[in-house]
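K.L.:
Take these sequences, add in the hints, and give me the full structure.
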Amino acid sequence: MLKKKSDIELLDLYASSKDQKYLSELFLRHSDIAFRTSRRITKNAADAEDIVQISFIEVIKTHQKFRQEGKFLSWFLKIVSHRSIDRIRSEKRRSSKESQAIKTEYYEDKTLENDEKRKQVIESYLSLLPPRYREPIYMKIVEGLSTREVSNILAKPEKTIRTQISRGLEKIKASLKTSGVTLSVLMISNFLNNLSLEAAPASLTSQSSLNHMSTQISIGSQTALFLPKVYC
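Its first residue numbered 10, the sequence shown is counted upward by one per residue in the working numbering.
You may find that some hints are simply not true.
In silico EDC-like cross-links for lysine to aspartate or glutamate, where the CA-CA straight-line distance does not exceed 20 Å [unchecked claim]: (1) 80 - 18; (2) 80 - 67; (3) 12 - 34; (4) 128 - 207; (5) 80 - 158; (6) 80 - 21; (7) 128 - 152; (8) 180 - 132.
Distance ranges between label pairs, derived from CB positions [unchecked claim]: (9) 217 - 193: 42 to 50 Å; (10) 205 - 98: 25 to 33 Å; (11) 188 - 28: 50 to 58 Å.
Derived from the structure by calculation, the hints contain no laboratory data.
Built from N, CA and C at the ideal position, the CB exists for glycine as well.
P.N.:
Here it is in structure tokens:
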């Protein structure tokens, strides 16, 4: 059964048979976290879809490199993260007005009488942290990746990852206190660990999308990475 196969086994099966079903299983297995990672960085669902597809094609074409550096998921998310950052740099999507809007929306009510409101406020403060704190917290606490996986994705020592997570949580704690809310770092971590995780959109995991990626992977030219998607 395909679901019991490891990522490496699926890659080897695809390499020997060129059967799309192995690539499809591999992509569907990791599409949700890849989409969330890109959308969190780009703040744009359409961009995230494009980037996830492009990154998957790239990681399959460079699979020998990730075999030397670590797990498939780590290499996949590393490429997703880099391409997402490149996209926002080129398009300059970041806006201080957007950040201020988040603050205004969530912080007017400081009572936070229920857990759902606490989650919303904690997540909004997390989104406002500098990337060096925000990304390790998202990957480790929200997504549940290991410290080693986060270290591989962000290309930083595990000790640095642990330090950045600790400092980031302390910054969230301090921001909450400024708003009149006192929560321990452990409580903040628990709230973040229980955030609802968005699934990849149906358009990204559709059969036409899978067919498109399989076709591009079978093409040797690197220019295939940038061909537009075609959906039915």
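K.L.:
All hints, please: hold or fail.
P.N.:
Going down the list of hints, with the structure as the test:
Between residue 80 and residue 18, the direct Cα distance comes to roughly 12 Å. Compliance with the 20 Å bound is thereby established for this hinted pair. For the given pair, residue 80 sits about 15 Å from residue 67 by alpha-carbon distance, which is consistent with the 20 Å threshold. At roughly 7 Å between alpha-carbon atoms, residue 12 and residue 34 fall within 20 Å of each other, so this suggested pair holds. Under the criterion of a C-alpha separation no larger than 20 Å, the hint pairing residue 128 with residue 207 is consistent with the structure, at around 15 Å.
Taking the CA atoms of residue 80 and residue 158, the gap is about 8 Å. The hint holds against a cut of 20 Å. A threshold of 20 Å between alpha carbons decides the hint, and for residue 80 with residue 21 the separation of about 14 Å falls inside it, so the pair holds. For a cut-off of 20 Å, the pair hint linking residue 128 to residue 152 stands: about 15 Å separates their Cα positions. This hinted pair checks out: residue 180 and residue 132 have alpha carbons roughly 13 Å apart, not beyond 20 Å.
Distance hint check for residue 217 and residue 193: the Cβ-Cβ separation is about 48 Å, which falls inside the suggested range of 42 to 50 Å. About 29 Å separates the C-beta atoms of residue 205 and residue 98, a value consistent with the hinted range of 25 to 33 Å. About 54 Å separates the C-beta atoms of residue 188 and residue 28, a value consistent with the hinted range of 50 to 58 Å.
The structure shown violates none of the earlier numbered hints.
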